[in-house]
Amino acid sequence: MRQSHQLPLVGLLLFSLIPSQLCEICEVSEENYIRLKPLLNTMNQSEYTRGTSSSVNVLLSLQLVGIQNQNLKQKLIQQIEYTVKRRLSQVSSGELALIILALGACRNPDENLIYDYHLIDKLENKFQAEIENMEAHNGNPLTNYYQLSLDVLALCLFNGTYSTTKVVNYFTPENKNYYFGSQFSVDTGAMAVLALTCVKRSLINGQVKTDESNLKNISIYIKSLVEKILSEKKENGLIGNTFSTGEAMQALFVSSDYYHENDWNCQQTLNAVLTEISQGAFSTPTAAAQVLPALMGKTFLDVNKDSSCVSAAGNFSNSTHEPVTVTAPGSQSSISVNYSVTINETYSANVTVPNGSVFLDVMEKAQKMNDTIFGFTMEERSWGPYITSVQGLWASNNDRTYWELLSGGIPLSQGVGSYVVHDGENLEVRWSKY
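Under mature numbering (1 follows the signal peptide of the UniProt record, and there is no 0), read the sequence shown as residues -23 to -1, 1 to 411, first letter to last.
For the record, the hints were derived by calculation from the structure and aren't laboratory data. Some hints could be false.
[Unchecked claim] No farther apart than 25 angstroms at their CA atoms in a straight line, the calculated lysine-lysine pairs in the DSS-like style are these:
{"no.": "1", "residue 1": "K186", "residue 2": "K99"}
{"no.": "2", "residue 1": "K200", "residue 2": "K153"}
{"no.": "3", "residue 1": "K153", "residue 2": "K205"}
{"no.": "4", "residue 1": "K62", "residue 2": "K52"}
{"no.": "5", "residue 1": "K205", "residue 2": "K143"}
{"no.": "6", "residue 1": "K14", "residue 2": "K50"}
[As the list claims (entries may be wrong)] Computed spacing ranges between beta-carbons, pair by pair:
{"no.": "7", "residue 1": "G401", "residue 2": "T323", "range": "36 to 46 angstroms"}
{"no.": "8", "residue 1": "E322", "residue 2": "G401", "range": "17 to 27 angstroms"}
{"no.": "9", "residue 1": "Y59", "residue 2": "S373", "range": "28 to 38 angstroms"}
{"no.": "10", "residue 1": "G352", "residue 2": "H237", "range": "10 to 20 angstroms"}
{"no.": "11", "residue 1": "G352", "residue 2": "K186", "range": "45 to 55 angstroms"}
{"no.": "12", "residue 1": "G385", "residue 2": "G352", "range": "21 to 31 angstroms"}
{"no.": "13", "residue 1": "N85", "residue 2": "Y59", "range": "14 to 24 angstroms"}
{"no.": "14", "residue 1": "R12", "residue 2": "Y59", "range": "30 to 40 angstroms"}
{"no.": "15", "residue 1": "K193", "residue 2": "S317", "range": "45 to 55 angstroms"}
{"no.": "16", "residue 1": "W408", "residue 2": "Y156", "range": "11 to 21 angstroms"}
{"no.": "17", "residue 1": "K52", "residue 2": "G401", "range": "31 to 41 angstroms"}
Source: prediction; values computed, not measured. Note that beta-carbon positions come from the ideal geometry of N, C-alpha and C, so glycine has one too.
From just these sequences and the hints, can you work out the full model?
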């Protein structure tokens, strides 16, 4: 635990020039809770197996929103406990940060896992490894800036040790790690806003000692990142894409003094997300869990290990027997897609899979057809399955290479485990740089 420091008068004068942290929040009204049922169905009815990380996202979401389903929570905690006890060395820094946030979202007996297994110390070490990799490999972290932001957020909220100066040095808004090629990553920028806001509050409250210039720079960074997030707002109200909008909403909730009231119509964004829900967009537990807090007016900055766990207001029950998906009578039992792998040349095959399959199902079927051409490896990450190699060619954070998913030549905004494929579609995994 670091000492509390009082900043000099010049610092206090500087603080008065910086916007406050009053929040501009819109949320789903109680009469519209029924429109969130598909999200709850998805989280309730999904299988959570050992070693998968969707359980962490779902537990954090349930804790923040205040949904009391002890059977589901206990199942999720068992999976997290297995990870903590058996495979902690294998999880990335961002995954560990999410585990800490989920277990410590509010005061409960399960938060003891954080301290019994020294998770904050371990996160400090993983975060330092990220910084060292950046120093040795041209600014490239071991993972990505979304995870780096989660690291800072968790360390900030749980009084871990981190260097404010290094945060200032590495989180400049023009850093290449906020981008995929020339495209600004909204969810990465949003998570950075949450992390930087937490750091800023710690500085203002005197919990952390720093130079006044660091505080001023952090405020400038937040403003710049918020402007970039808002520049990705679509006509229908979504920000970035369907799946980045929830985290963008969180960031905008905590930074309303950095933009004008007419820069963002929160209700329009909320309505657009509800429309996406009705069309089945959030069909994986991770996707459902990531969007739910914002719809209920919550952000990751509401994590408070010293606060009692709350229950959601009103008639907001997540017990339901409605199916997640329904196949219409007479619909096809199987579909056919064209699947390609592109490196220096393109390898293609026609693949037949059951109707309702996701991109990963296509890849697995193609691999069975020809392991040499279509063989691949993957790993579970906090946001779902991630393709690590195809034909033995590995994605590399240091080289900024990855396997891009496309449909009809257009990059997909959904992951390999969540994008539902359609009959006659042209699917591709392409060796790419960002």
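Give me the numbers of the hints this structure contradicts, sorted from smallest to largest.
7 and 10
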